[in-house]
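Undergrad: With the hints as constraints, model all of the structure from the sequences given.
There are 2 protein chains.
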Amino acid sequence: MTGAESLVRTAVDGGVEVCFANPGTTEMPLVTALDSVPGMRAVLGLFEGVCTGAADGYARMRGKPAMTLLHLGPGFANGLANLHNARRANTPLVNVVGDHATWHLAADAPLTSDIAGLAGPMSRWVRANTSAETLGADTAEAIRRSLEPPGGVVTLTVPADCQWSEGGSVARVAGPSPRRPVAAATVEQVAAVLRRKQPAAMLLGGQALTRGGLEAAARVAAASGCRLLSETFSARIERGVGIPAVTRLPYFPEQAHEALAGVRTLILVGAKDPVSFFGYPGVPSRLAPAESSLEILAKVEEDVTGALEALADALGAAKPGSSATLEAPSAPTGPLTLANLGAAIAVLQPEGAIVVDEAATSGGPYGSLAAAAKPHSCLMLTGGAIGQGLPTAVGAAIACPDRRVIAFQADGSGMYTVQALWTMARESLDVTTVLCSNRAYRILQIEAARAGNVEPGPKLRGLTALEPPVLDWSALARGFGVPAVKVESADDLVKHLRRVLAERGPSLIEAVL
Amino acid sequence: MTGAESLVRTAVDGGVEVCFANPGTTEMPLVTALDSVPGMRAVLGLFEGVCTGAADGYARMRGKPAMTLLHLGPGFANGLANLHNARRANTPLVNVVGDHATWHLAADAPLTSDIAGLAGPMSRWVRANTSAETLGADTAEAIRRSLEPPGGVVTLTVPADCQWSEGGSVARVAGPSPRRPVAAATVEQVAAVLRRKQPAAMLLGGQALTRGGLEAAARVAAASGCRLLSETFSARIERGVGIPAVTRLPYFPEQAHEALAGVRTLILVGAKDPVSFFGYPGVPSRLAPAESSLEILAKVEEDVTGALEALADALGAAKPGSSATLEAPSAPTGPLTLANLGAAIAVLQPEGAIVVDEAATSGGPYGSLAAAAKPHSCLMLTGGAIGQGLPTAVGAAIACPDRRVIAFQADGSGMYTVQALWTMARESLDVTTVLCSNRAYRILQIEAARAGNVEPGPKLRGLTALEPPVLDWSALARGFGVPAVKVESADDLVKHLRRVLAERGPSLIEAVL
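Protein chains in written order, with our numbering: chain A, 1 to 513; chain B, 1 to 513.
Bear in mind the hints are in silico, worked out from the structure with no lab data behind them. Glycine is no exception: its CB is placed at the ideal position from the N, C-alpha and C atoms.
Just a few of them, taken from the derived set where beta-carbon distance is under 7 Å, the chain B residues facing chain A:
1. M28
2. L34
3. A42
4. S113
5. V275
6. S285
7. N453
In silico DSBU-like cross-links for lysine-lysine, where the CA-CA straight-line distance does not exceed 35 Å:
8. B:K272 - B:K197
9. A:K495 - B:K486
10. B:K319 - B:K374
11. B:K486 - A:K486
12. A:K374 - A:K197
13. A:K495 - A:K374
14. B:K197 - B:K374
15. B:K495 - A:K486
16. B:K495 - B:K374
Simulated restraints, written as ranges between beta carbons of each label pair:
17. B:G39 - A:P468: 19 to 25 Å
18. A:G63 - B:R498: 56 to 62 Å
19. B:S489 - A:P483: 28 to 34 Å
20. A:S169 - B:P178: 55 to 61 Å
21. B:D402 - A:R461: 24 to 30 Å
22. B:V454 - A:E351: 47 to 53 Å
23. A:G63 - B:V283: 41 to 47 Å
24. A:G117 - B:D108: 18 to 24 Å
25. A:S368 - B:E467: 39 to 45 Å
TA: Right, dumping it as C-alpha cells:
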C-alpha cells in the first residue's frame with residue numbers, strides 16, 4: 001500500500017467523506033489514491049479559497065471534517081482567508097497539503113516555501129509527515145485533533161515521495177475527547193446570580209445556538225427574566241418559527257453598547273467576552289458595560305447545552321411550551337429596498353433551508369425577519385475574511401443534499417471567491433444565490449464617514465466603489481455555468497425567487513439595489 | 001501630520017508612484033491620506049492577488065517598487081501566492097498591511113491574526129510599525145530594503161491608531177547599495193575556463209537577460225563558442241529581432257538534461273544552479289550533468305551585466321555587430337493549433353510589446369517563435385504560483401502606458417485571479433488577453449501520465465478537467481467590463497487579434513484549443 005492510499009483509507013475509515021481539492025503535481029499520488037480507494041467524494045474548486053470555505057460550510061452542517069487537498073505553499077496560501085473564518089468558527093477541518101519530495105526540498109525549487117510557517121497562524125495543529133510508513137498514523141492524528149472540542153483547523157503536509165512510496169498502513173482514528181461537563185458549582189453560581197433578579201443577559205455562542213441550546217436558554221430566560229443575545233457572527237444558528245428567538249449583538253459598538261445597556265451581569269454561554277470588531281478612537285475594546293460583572297457558564301469547548309439545561313433545572317424552569325407564533329411577513333411589492341429584499345427571502349425560503357449570510361450591509365432587515373421564517377439554519381461570516389459566502393454555500397449543499405441552500409451574498413465580498421459558482425454548476429448543487437448588487441464596499445464608505453471623512457476625495461471614492469465598470473453578475477454567473485437573472489423590483493425578485501426555489505440546481509438572482 | 005500622511009509623503013518622496021489597493025476599515029486613514037497627499041496613483045483590485053501580482057509586474061518593468069495596501073492578515077494572505085512569485089523574481093515590492101489599533105490587538109477581535117507570521121515566508125524583511133512618530137522612518141526603511149540588490153518583497157504592518165494619530169514626520173529614503181562589482185579574479189577564472197574551448201554553457205538570469213546583458217553574453221559566446229541558455233522562468237527577458245537569442249532551459253528534467261548534455265562547465269550568470277521543478281523518482285534534483293564543473297560568474301545581486309562585459313573584453317570579443325535577421329513568421333491560417341496560436345501572436349505583436357506569458361502547456365511553440373518577433377519584453381511565471389498572468393499584465397500596463405501588453409494566458413491559471421479583468425476595464429489599460437481555452441489542467445494530466453497513471457480514473461479525470469461545465473470566458477470577460485470574442489480558427493484569431501491590437505483599452509480573445 002502506498003502512503004497516499006494509507007492516507008485516503010485512514011480518512012475514509014475515520015469518517016471523512018468529502019475532499020475539496022485543487023491539487024497540483026505534488027498531490028497527484030493522492031489523487032490517484034482517491035480513485036483506487038473507494039469512499040471519498042472529490043470536489044474540484046477552481047481556486048483554493050473555494051475549497052477551504054466549502055470544507056468549513058460542510059463541517060458546520062455535518063459536525064465532522066471534510067478534507068482539503070491543496071498544492072504546496074502558494075496554493076495553501078490561497079485558502080488561508082477562509083481557514084481564518086473556519087478557525088474563528090471552531091470548525092473541524094483537515095487540510096492536506098502536498099510538499100516536494102523530502103530529498104528535493106533542499107534544492108529550493110521555484111515552488112518551495114515555508115508551508116508550516118504559513119499554516120501556523122490559521123491552524124490549531126500542524127504536522128509535517130516524513131514517511132509513507134507514518135502517513136496513516138499522521139492522518140488519524142490530524143482527524144482526531146480537528147475534532148477535539150470545540151473543533152478546529154489542522155494542517156498536514158505530505159511530501160510527494162511519502163505519497164508515492166510503498167509501506168503505508170491504515171491507522172484507526174481515535175474518538176475525540178467528549179465535551180467536558182460544566183461543574184455543578186459553576187451552574188449553581190450562575191443560578192444564584194440569576195435568582196437575584198438584577199438585570200442580566202446571556203450571550204450565546206457555539207452549541208448554545210443549536211435548537212437544544214436555544215430551548216434551554218429560553219427556559220432560563222423565562223424563569224429568570226434574563227435577556228438572550230447571540231454572538232454578532234455565529235458559525236451556525238437555528239432560527240425561525242418554533243425556535244426561541246434571540247437578539248443578535250449589533251456590529252457597531254454604539255449599538256452594541258445600547259443592546260447591553262443596563263446589564264448588571266453578563267453571562268457567557270459558549271461565547272467570548274464581546275469586543276468591538278474594530279478599534280475606534282476613544283471606544284474601549286470591551287463592549288459590556290464597565291460596571292457589569294462577568295460570569296462564564298460554559299466555555300465553547302465544554303458541554304454548553306448540558307450546562308444550559310442544568311441551569312434551567314436549577315432555576316426550576318418549566319419545560320418549553322410551544323413558542324408564540326410570529327406573524328409571517330407577506331411577500332413584498334414595490335421598489336427593491338433592503339427591507340423588501342429581506343422580506344422576500346424570509347417569506348419564500350423553504351422549510352429546512354440553509355441560509356449562508358454574507359450580505360453585509362445589505363443584510364440588516366433580513367436578520368430581524370428571519371425569526372418569522374420557516375425553521376432554518378443560518379451560517380455567518382465568523383472571521384470577517386470576506387469571500388466566505390459562496391464557498392460555504394457549496395460545502396453546505398454537499399453536506400445536506402436534501403436541503404435548499406440560499407447564499408445571501410454581498411457583491412464586494414462575493415467577488416473574492418466568485419469561482420465557487422462554477423463548482424455549484426459542476427456538482428448541480430441546489431444553491432440559490434441572491435446577489436446584493438449595491439456596487440460599493442458600502443461598509444467602508446460608512447466607516448470612513450464614521451471616522452470623520454464626510455467629504456470623500458476621489459481616491460477614497462474610487463477605492464470603495466465597484467463601478468465603473470458595473471460588474472454584470474448575470475453574465476459572470478452564466479460564464480461559470482449558473483443560470484442567472486437580474487431583478488430591479490421587489491415584485492420581480494419575488495417572482496424569480498419563487499421560480500428558482502422550485503427548481504433543482506444552482507441559480508443566481510442579481511438584486512440591483 | 002498624521003502617521004498615515006507621513007507614510008504616503010515618505011513613499012511619494014521616495015519615488016513610489018502607484019498603490020495597488022484592496023483596503024478595509026483598518027486602512028481607511030491611509031486611504032484618506034492618499035487623497036490629502038498628492039502624487040500617488042491608487043488602483044483598486046477586487047481581490048488581493050490582483051494587487052500583489054500587479055505590483056510585481058509594475059516593478060519588473062520600472063525597476064522600482066509599487067506599494068500594495070491590504071487589509072489585515074486574511075486580506076494579506078490572499079495576496080501571498082503572487083508575492084511568492086515576486087520573491088522568486090527578486091522584485092522590489094512594498095506591502096503595507098493595516099492592523100488593529102495597538103490597544104485593540106489584545107482583544108483578539110474576529111479579524112485578528114498573526115500577520116508577521118504570514119508575511120515571513122514570502123518577505124525578505126518584515127516590520128511591525130508601533131507609532132505614528134516612527135511610521136515615516138519605517139516606510140523609508142521598507143522602501144530601501146525592497147531595493148537592495150537584487151530587489152525583494154518587504155512587508156510593513158501599520159496599526160490603525162498609528163495611521164490616524166498625529167506626530168508623523170517624513171523620512172528620506174536612503175539610496176540602496178549599488179550592485180557589487182564582480183572581482184576581476186572571478187572574471188579571469190571564467191575566461192580561463194572558456195579559453196580551453198571545452199564544451200561550456202552560460203545560464204543567464206536576472207540582469208543578464210536585459211538587452212545589455214544579452215549583447216555582452218552574445219559577444220562571449222561568439223568569442224568562446226560557449227552555449228547560451230536562459231533560466232526556465234525569467235522575471236523579464238528582452239527578445240525579438242536584433243536582440244541576441246538564447247535557448248530557454250526546458251521545464252521537464254529529461255529535456256533539460258538533453259539541453260545540458262555534453263556540457264563540461266556550466267557557468268552561472270545571475271542564475272541559480274538549475275534544479276528540476278518537481279522531484280521525480282530516480283531523477284536527481286540538479287539538472288547539470290553530474291560530471292560537469294560549475295563556475296559562478298555573477299550572482300543575481302551583483303553587477304551581472306558588468307561582469308559579462310568584462311568577460312567579453314577579457315576574451316577579446318568583438319563589439320556586437322547587427323544580429324542576423326530571422327525570417328519573420330507569416331500569419332497562420334487553418335485550424336487553431338498551438339503552433340498557429342504562437343505564430344499569430346509572434347507575427348502581430350507590435351514593437352515594444354510586453355508579453356506576459358502564463359500560457360503554460362499552450363505556450364510552447366510561441367516561445368521559439370518569439371525570437372523572430374518585433375523586439376519586446378517577456379515576463380514569466382517565476383515561482384510556479386499560477387494566477388500571476390492577468391495581475392502582472394495590469395501592473396505592466398500601468399508601468400508602461402505607451403506599450404501594448406499581451407497577456408498570453410492559460411485558462412486554468414487565469415481563473416485564480418480572474419478579477420484582474422475588472423481592473424483592466426476600470427483603468428482602461430491597453431491589455432490584450434489571449435486566453436488559451438484547453439479546458440483542462442493539462443500539465444497535471446501530463447504529469448499523471450508521466451507518473452504512470454495512464455488510465456486515469458474518474459476522480460483524476462474530474463480533478464484535472466475544467467469541464468463540464470465549460471467556462472465561457474467571453475461571458476466572464478464581459479461581466480468584468482472587458483470586450484471579448486471567442487475564436488476557433490487561426491484565421492479568426494488573426495483577424496480579431498489584428499483588430500484589437502489596433503484599438504485602445506482592454507480586450508480578451510478566447511482561443512478555443
